[in-house]
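First to last, the protein sequences are chains A and B.
Just so we're aligned: 79 in the working numbering is position 79 of the first sequence, and the numbers increase by one with no gaps anywhere.
For any residue, its number in the working numbering is found by taking its place in the second sequence, counting from 1, and adding 254.
Don't read these hints as lab results, they were simulated from the structure.
Because the structure is a prediction, the values reported are computed rather than measured.
Watch out, some of these pointers could steer you wrong.
Computed beta-carbon distance windows for the label pairs [what the hints assert, rightly or not]:
{"id": "1", "chain 1": "A", "residue 1": "Asp93", "chain 2": "B", "residue 2": "Asn642", "range": "18 to 26 Å"}
{"id": "2", "chain 1": "B", "residue 1": "Glu621", "chain 2": "A", "residue 2": "Lys147", "range": "51 to 59 Å"}
{"id": "3", "chain 1": "A", "residue 1": "Glu20", "chain 2": "B", "residue 2": "Ile757", "range": "23 to 31 Å"}
{"id": "4", "chain 1": "B", "residue 1": "Gly847", "chain 2": "A", "residue 2": "Asn222", "range": "50 to 58 Å"}
{"id": "5", "chain 1": "B", "residue 1": "Asn284", "chain 2": "A", "residue 2": "Ala142", "range": "50 to 58 Å"}
{"id": "6", "chain 1": "B", "residue 1": "Ala789", "chain 2": "A", "residue 2": "Asn222", "range": "46 to 54 Å"}
{"id": "7", "chain 1": "A", "residue 1": "Met246", "chain 2": "B", "residue 2": "Ile757", "range": "58 to 66 Å"}
{"id": "8", "chain 1": "B", "residue 1": "Arg869", "chain 2": "A", "residue 2": "Ala142", "range": "51 to 59 Å"}
{"id": "9", "chain 1": "A", "residue 1": "Val143", "chain 2": "B", "residue 2": "Glu626", "range": "38 to 46 Å"}
{"id": "10", "chain 1": "A", "residue 1": "Asp204", "chain 2": "B", "residue 2": "Glu621", "range": "41 to 49 Å"}
{"id": "11", "chain 1": "B", "residue 1": "Glu558", "chain 2": "A", "residue 2": "Gly80", "range": "23 to 31 Å"}
{"id": "12", "chain 1": "B", "residue 1": "Glu870", "chain 2": "A", "residue 2": "Asn26", "range": "53 to 61 Å"}
{"id": "13", "chain 1": "A", "residue 1": "Lys147", "chain 2": "B", "residue 2": "Gly847", "range": "41 to 49 Å"}
{"id": "14", "chain 1": "B", "residue 1": "Gly747", "chain 2": "A", "residue 2": "Glu96", "range": "31 to 39 Å"}
Cβ-to-Cβ under 10 Å is the rule here; a few derived chain A residues that face chain B [as the list claims (entries may be wrong)]:
{"id": "15", "residue": "Ile45"}
{"id": "16", "residue": "Pro77"}
{"id": "17", "residue": "Val115"}
{"id": "18", "residue": "Ser136"}
Footprint (simulated), chain A over chain B, 3 or more residues, beta carbon under 8 Å [claimed, not checked]:
{"id": "19", "stretch": "432 to 440"}
{"id": "20", "stretch": "527 to 538"}
{"id": "21", "stretch": "635 to 641"}
{"id": "22", "stretch": "701 to 710"}
{"id": "23", "stretch": "837 to 846"}
In this text, a Cβ means the ideal position worked out from N, Cα and C, and glycines have one as well.
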Amino acid sequence: MKLKLHIWRQSAPDVRGGFETIAADNVSAHMSFLEMLDVVNEGLIAEGKEPVAFDHDCREGICGTCGMMINGNPHGPWEGTSACQLHMRAFQDGDEIWIEPWRARAFPVLKDLVVDRSAFDRIIQAGGYVSIRTGSAPDANAVPIGKEWADEAFDAAACIGCGACVAACPNASAMLFTAAKVTQLARLPQGQPERYERVLSMVDTHDSEGFGNCTNHGACQNACPKGISVDYIAQLNRDLFKATLMDRPDEAAV
Amino acid sequence: MELNANIPEGPIQDKWDNHLFSMKLVNPANKRKYSVIVVGTGLAGAAAAATMGELGYRVQVFTYHDSPRRAHSIAAQGGINASKNYQSDGDSDFRLFYDTVKGGDFRSREANVYRLAQLSGNIIDQAVAQGVPFAREYGGLLANRSFGGAQVSRTFYARGQTGQQLLLGAYQALERQVHAGTCVMHTEQEMMDVVLVDGVARGIITRNIRTGKLERHVADAVVLATGGYSNVFFLSTNAKKCNVTATWRAHRKGAGFANPCFTQIHPTCIPPSGEYQSKLTLMSESLRNDGRIWVPREAGDEREPQRIPEEERDYYLERFYPSFGNLAPRDISSRRAKEMVDGGHGVGELKNGVYLDFKDAIERLGERVISERYGNLFAMYEKITGENPYKTPMRIYPAPHYTMGGLWVDYNLQTTVEGLFAIGEANFSDHGANRLGASALMQGLADGYFIIPMTIGNFLAGRSGGSGDTAHPAFAEAEDGVRERIGNLMGVGGSRSVDSFAIQLGRIMWNECGMERTADGLKDAVRRIGELREAFWADVRVPGKADDLNQELEKAGRTADFLEFAEVMCYDALARDESCGAHYRPEHVTEEGEAKRDDENFAHVAVWEFTGVGREPKLHKEPLAFEYVKLSQRSYK
Numbered sequence: 001m002k003l004k005l006h007i008w009r010q011s012a013p014d015v016r017g018g019f020e021t022i023a024a025d026n027v028s029a030h031m032s033f034l035e036m037l038d039v040v041n042e043g044l045i046a047e048g049k050e051p052v053a054f055d056h057d058c059r060e061g062i063c064g065t066c067g068m069m070i071n072g073n074p075h076g077p078w079e080g081t082s083a084c085q086l087h088m089r090a091f092q093d094g095d096e097i098w099i100e101p102w103r104a105r106a107f108p109v110l111k112d113l114v115v116d117r118s119a120f121d122r123i124i125q126a127g128g129y130v131s132i133r134t135g136s137a138p139d140a141n142a143v144p145i146g147k148e149w150a151d152e153a154f155d156a157a158a159c160i161g162c163g164a165c166v167a168a169c170p171n172a173s174a175m176l177f178t179a180a181k182v183t184q185l186a187r188l189p190q191g192q193p194e195r196y197e198r199v200l201s202m203v204d205t206h207d208s209e210g211f212g213n214c215t216n217h218g219a220c221q222n223a224c225p226k227g228i229s230v231d232y233i234a235q236l237n238r239d240l241f242k243a244t245l246m247d248r249p250d251e252a253a254v
Numbered sequence: 255m256e257l258n259a260n261i262p263e264g265p266i267q268d269k270w271d272n273h274l275f276s277m278k279l280v281n282p283a284n285k286r287k288y289s290v291i292v293v294g295t296g297l298a299g300a301a302a303a304a305t306m307g308e309l310g311y312r313v314q315v316f317t318y319h320d321s322p323r324r325a326h327s328i329a330a331q332g333g334i335n336a337s338k339n340y341q342s343d344g345d346s347d348f349r350l351f352y353d354t355v356k357g358g359d360f361r362s363r364e365a366n367v368y369r370l371a372q373l374s375g376n377i378i379d380q381a382v383a384q385g386v387p388f389a390r391e392y393g394g395l396l397a398n399r400s401f402g403g404a405q406v407s408r409t410f411y412a413r414g415q416t417g418q419q420l421l422l423g424a425y426q427a428l429e430r431q432v433h434a435g436t437c438v439m440h441t442e443q444e445m446m447d448v449v450l451v452d453g454v455a456r457g458i459i460t461r462n463i464r465t466g467k468l469e470r471h472v473a474d475a476v477v478l479a480t481g482g483y484s485n486v487f488f489l490s491t492n493a494k495k496c497n498v499t500a501t502w503r504a505h506r507k508g509a510g511f512a513n514p515c516f517t518q519i520h521p522t523c524i525p526p527s528g529e530y531q532s533k534l535t536l537m538s539e540s541l542r543n544d545g546r547i548w549v550p551r552e553a554g555d556e557r558e559p560q561r562i563p564e565e566e567r568d569y570y571l572e573r574f575y576p577s578f579g580n581l582a583p584r585d586i587s588s589r590r591a592k593e594m595v596d597g598g599h600g601v602g603e604l605k606n607g608v609y610l611d612f613k614d615a616i617e618r619l620g621e622r623v624i625s626e627r628y629g630n631l632f633a634m635y636e637k638i639t640g641e642n643p644y645k646t647p648m649r650i651y652p653a654p655h656y657t658m659g660g661l662w663v664d665y666n667l668q669t670t671v672e673g674l675f676a677i678g679e680a681n682f683s684d685h686g687a688n689r690l691g692a693s694a695l696m697q698g699l700a701d702g703y704f705i706i707p708m709t710i711g712n713f714l715a716g717r718s719g720g721s722g723d724t725a726h727p728a729f730a731e732a733e734d735g736v737r738e739r740i741g742n743l744m745g746v747g748g749s750r751s752v753d754s755f756a757i758q759l760g761r762i763m764w765n766e767c768g769m770e771r772t773a774d775g776l777k778d779a780v781r782r783i784g785e786l787r788e789a790f791w792a793d794v795r796v797p798g799k800a801d802d803l804n805q806e807l808e809k810a811g812r813t814a815d816f817l818e819f820a821e822v823m824c825y826d827a828l829a830r831d832e833s834c835g836a837h838y839r840p841e842h843v844t845e846e847g848e849a850k851r852d853d854e855n856f857a858h859v860a861v862w863e864f865t866g867v868g869r870e871p872k873l874h875k876e877p878l879a880f881e882y883v884k885l886s887q888r889s890y891k
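Looking at chain A on its own, in the form it has when it is part of the complex (with noise of 0.2 Å):
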């Protein structure tokens, strides 16, 4: 099939950036969006030009590196599917297809589709883990855990932390992607001694970081590629509302 692709190159990140037109004419539908890339990349290569510059490592939906708008969509049209594991079989001969990246004040552009979300790791920094030592664990099987709560702590780990609930959202949030990791901990025995202490400080940072708050939208869910649910902004409020109200430790021996 043939397309019509608009994609927003930018030079730098201080540069001011736009659409460029590029007519991509030997589209596959067994491709994955990326691989349709590559093949524009090939040509704009061939003909002098630099290639569109785009974030992607796995290809299986699983690293988290790529993300982009397509139509609007963060990582295109398919329901739960990132945009490396989007194929062509989504569009139709003679598409326009236009493909920004992500759009928020916490996430700024660094060239055309690769923006900086190094706010995510400062945001685990402030909180997102156990503070266990290496070496000094029990046993495995000494603390029992109900599968329901095993597995509702899955569903939330199964973050790949690519963005696409901040860029979806009309506030550029990422209560979706901190919500994950604080329901994840909160849901295993592992998680309690720090429970209240880590929502505390991971929102905190969040919003140092410029992301904007939670409005209950919903948009992040449906943009979320591996299917994290918006029940864990509600369940990350009820902790949050605990931790500012409930008695705790002096800070200085937290």
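Since chain A is already given, all that's left is putting chain B on it; use the hints.
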């Protein structure tokens, strides 16, 4: 090149404990005087950095990704082995050790493998304590499954995303140390060279991927956790950025490269669909627990799979290997699939696959159980192929997946360069000629959490910490070399894209050094690789600028290194004039058609020394002694 494996004295089950006691320790208050560079943030790198930071060392961590969580360990699907014996089915450290040495076709070092088995249980404890959500039974205990030919259920798993969950555990442990200030994280920094001062590794040169700026980093020791080199085949299950550069640059600086021809071909991947194919997607081999592999008995049968009656199907693995059936080891299953496709029994539009059929399992267990076990894999398959595996059998074909070869290391995981260590897939240590399923995660984490943090202390203890300086001429020399090479790549100004060369190299390697290697083919491959390398340096086109985010330049540097490395792989495959494990020379086959080892002449680790680009490298041998495992011909009948 001296190859002293430094294996501790004593019976095999006491070696690691004896070693822990005899190693020198660094006083807790002194640890902060020592700095360590860790390159790579996969399971091995993240675990090592987090643990060394926690112990008190100052750790500098590098990844070319935008976040440490992107490392390719994240894509491992199936599971992680541990000799917990939670199922009371007769497992033990000794059995896991024995299976691993045997599975590796007796080409690995006994002492290392035993230690791996001993540490395997600690990994599970560690991961569970971190909040890794492993699969559980209704009673709340951990679930296990049998995996990849094992006759005990010792594999722990987290749906089809075990690697992701274990990596996120290690990543979070690392970020905790970043928060604590013991680890400094350098993202988007690609290691371009190792810096040796007076023969000792003291630092690295990196290129900032965003800006193109070259940087010097100094430390008291350097740990490479940079993964494997399957992308030498271009089409592999590895992520697109996986490459050999870090280990190859170390090799050029004097680190011996061990068994580079030992590469694993995974039997269950989705076959390519066309010329534009950029990578291959693995379908976890856990699918083989319930799926049955078959091809049409009649070559060239064009019928839809559902229209082929039972008696006209050839369940060839069940036929060849009645006791192991569809769970025959990876190398054997792969070769048999190739044999079927080469014989005209291939299925799918391009006739390049075999069927993996769940019909019987769905009838037996119901769609819900199958969906619970493999739901995400089935969904992934459907996205890629447009076919629903609940209704029509999957099509699979082998693909390069893992590399057992890597930098030679001793028992302490130190390479032949003093102060330079290699962990995880980047080293050669534990898998011999073939890696068993669910043991890569185990090895990466054992190296990272439990081995390197101990052995590095022994190395550092006798030295004065923090004495290095990036102003040393060795740093300037290495940086100049990197700058010159980048200038050369940018300066060729040819007509062909980087990928066109990478694809061509991949075809040579897949055809001549893939599932089957012949002496004639390998000799020819060495010649063709040399020609291709010359063509690359005469005609490659790298657009853009060097001091910018330039993904083509990144690829060009990695491809240039693959074009040097590929030769040593072929030399190694040629020199190893036997078949063993995944290394299959049709000249050496048993009457049953299996790999035929030559223990008299090849029970050794082949370690290669760099002698110059395009020159035959020098072979050294570390003999392998087997005291605890009885050498036998593998039989999976």
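Which constraints among the numbered hints does this structure fail? Numbers only, ascending.
Hint check: 2, 5, 9, 12, 16 and 23 fail, others pass.
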